[in-house]
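Visitor: The chain contents come next:
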Amino acid sequence: MDFNDILQIIISPTTAAFALAAIGLNFHYGLTGLLNMGVAGFMLIGMYGYGISVSHGVPAWLALIIAIVGAILFSLLLGWPTLRLRGDYFAIVTIAAAEIVRIIGRSQWLKDWTGGNTGIRGKDFKGPFEQLSPFPPRLIRVGPFQFHGTLSGSWWLILVGWVLVGVFALLFWRLNKSPWGRVLRGIREDEDAVRSLGKNVYGFKMQALVIGGVISALAGIVWAHGNAISPDSMGRTTTFWIWTMLLLGGAATVFGPILGTALFWAIYVAIKQLAPIVLPNLASTQVEPIALAAVGFGLILLIVFRPQGILGDKREIALNG
Amino acid sequence: MAKSNLFEGVASVPGAPKPDPILIADGVMRSFGGLVAVNVDHFEAQRHAITALIGPNGAGKSTFFNLLTGFDNAQEGSGTFNGRPLQGMSSAHVARSGMVRTFQLTKALSRMTVIENMRLGAQEQGGENFARALLAPLWRNREKEITEQAEELLTRFKLIEKRNDYAGSLSGGQRKLLEMARALMSKPIMIMLDEPMAGVNPALTESLLDHIVALREQGVTVLFVEHDMHMVRRISDWVVVMAEGRIIAEGDPHEVMRNQAVQDAYLGSHHDTDLFEERS
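Here the protein sequences line up with chains R and X, keeping their order.
Per this note's numbering: the first sequence ends with 364, consecutive numbering throughout.
Per this note's numbering: the second sequence ends with 274, consecutive numbering throughout.
I should point out that these hints are in silico values taken from the structure, not numbers from a laboratory.
The structure presented is a predicted model; accordingly, all values stated were derived computationally and were not measured.
Don't be surprised by glycine CBs; every beta carbon is placed ideally from N, CA and C.
Treat the hints with care, as some may be off.
As the list claims (entries may be wrong) - Using C-beta positions, here's what the derived DEER-type ranges look like:
1. Arg358(R) <-> Gly3(X): 19 to 29 Å
2. Glu118(X) <-> Asp167(R): 46 to 56 Å
3. Gln98(X) <-> Phe298(R): 35 to 45 Å
4. Asn135(X) <-> Pro177(R): 48 to 58 Å
5. Gln98(X) <-> Val347(R): 48 to 58 Å
6. Gln98(X) <-> Lys220(R): 31 to 41 Å
7. His221(X) <-> Lys357(R): 29 to 39 Å
8. Arg349(R) <-> Glu118(X): 47 to 57 Å
9. Lys152(X) <-> Val210(R): 25 to 35 Å
10. Ala255(X) <-> Arg349(R): 58 to 68 Å
11. Val347(R) <-> Lys138(X): 52 to 62 Å
12. Arg358(R) <-> Asn123(X): 23 to 33 Å
Unchecked claim - Derived pair list, reagent style SDA-like, types lysine to any residue, alpha-carbon separation capped at 20 Å:
13. Lys220(R) <-> Ala130(X)
14. Lys220(R) <-> Pro131(X)
15. Lys357(R) <-> Asn243(R)
16. Lys154(R) <-> Glu110(X)
17. Lys357(R) <-> Ser163(X)
18. Lys220(R) <-> Glu118(X)
19. Lys220(R) <-> Glu139(X)
20. Lys220(R) <-> Phe124(X)
21. Lys315(R) <-> Lys181(X)
22. Lys220(R) <-> Tyr160(X)
23. Lys357(R) <-> Thr107(X)
24. Lys315(R) <-> Thr107(X)
25. Lys181(X) <-> Ala255(X)
26. Lys138(X) <-> Asn219(R)
27. Lys220(R) <-> Ser84(X)
28. Lys220(R) <-> Ser104(X)
29. Lys357(R) <-> Asn123(X)
30. Lys357(R) <-> Glu137(X)
31. Lys154(R) <-> Glu139(X)
32. Lys220(R) <-> Glu137(X)
33. Lys181(X) <-> Glu142(X)
34. Lys138(X) <-> Arg217(R)
35. Lys220(R) <-> Glu142(X)
36. Lys181(X) <-> Asn243(R)
37. Lys220(R) <-> Glu110(X)
38. Lys220(R) <-> Lys357(R)
39. Lys138(X) <-> Met179(X)
40. Lys220(R) <-> Gly120(X)
Please work from the sequences and hints to get the whole structure.
Guide: And the structure:
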């Protein structure tokens, strides 16, 4: 087994992007109890908002604002009819909305904008970000890690991605410990009780939805810069992976989403490497499905044996309680 | 214990006008499908008094409660609280205007600590605004005040040793106490208690009763729904009886029990309770 690969994936931009998405979900589920089953949809909104803008000549800073505004509008649109209803309706609507975004994105109808099912190629939108890189444009080796200075999954993207993770983890910490966070934790427990204490529950839930949605959209932009904009890699599986990461690390904690994401990818890569060793007759195309099945099995074990995750407090939040 | 002088000259008839009503409801109708749950022509609650709302199961007491507190909307009717119209007011708005309620099934936020539950009850914490929440100096002083107020109330309700425990670890009766104490954090002018004694052991019942009486002494108006007639008789100044969605009787707690309509309404569903016997 190649430990370098595991270390490499832990600090990679993909992991940073997923950690960011898990922090966004933590605002929804961990703090507020919103069952957002459409995290990938929020990520897609972010990457399309940025990618389509840049590929049509909009400056990067404006494209970023467009992506953020897009995520805010998407959150408001989803929250407006559903946040007054019981939590299950929100879950159903988010899973459907995320699929709608993906299917519209991959359809031929808006091909000139979204690129249809092939998406938007990296060279059409990564340029402005890569030009900002302070690192030399070549492979740079630091200890066991080797990444390019500017291109795709670069040191530059790693830096930006993990700084964003740090900033939003700090934001979560600050807000969770504030009176604002206390109202949301109250809502997570019992909306009617909080309402009876004079709080505008709908408004608070909407705020949490928008913040988590914007963070997820930023996660989508980071992910796209490490990969490409492709609707089909942002399907339901991605959403459930992010849920697994959050629950593994521990919802409602500051470091839970980060630890959960890093651990998830480390285990995922380890399984992919171990599978051909343990099962020598395995065809190479079967490795991925086996790793996916292992993720599902792991989620079941997690719910049974440690529903609060690694860092979570069972008295505060648990998936089965 | 009763403070009946507040009700001098008030007729013992359904919908009787009170000298100084804080809460008034007029022609309130709520039906679920074909079933009329509440149909109250007129109701007034006297300021600074303890009013009990009683009636057999299914009489519409809780629904009426929900309508008054904005947790449900009437199809018809109007109401005012402290001079302000209640129509279209959200439950949160009702609470902010000074009428706070508790629930029959206690809603202690069990995965939050006792002190956090209490703090949540306070009003005017600027830190509940998203932007201000980011800057702790803007809300830290208010937080300190809130915490002091909470600790005072917890001491009064004998929950101070539980300060840092999760509310989920409290007993049923302690949760009732916590819920009441939390409601008081907003310094309400009226408190609505939905079956405050349900599921509470006798020792705690005594202290709950004392707390309710103490609230009146502090000038808080109390309206409570209750099944236990002995409790109603002991602490309430005025009793309103509902049956089948309507108010069928009102009056002094001792007097109203002798009302034939009340006895009939109760005998329908409570024929085996010693409703009318004075407990020595």
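Visitor: Hint by hint, work out which the structure violates, then give me just those numbers in ascending order.
Guide: The structure conflicts with hints 1, 4, 5, 8, 9, 11, 15, 16, 21, 24, 25, 27, 29, 30 and 31, although it agrees with all the remaining ones.
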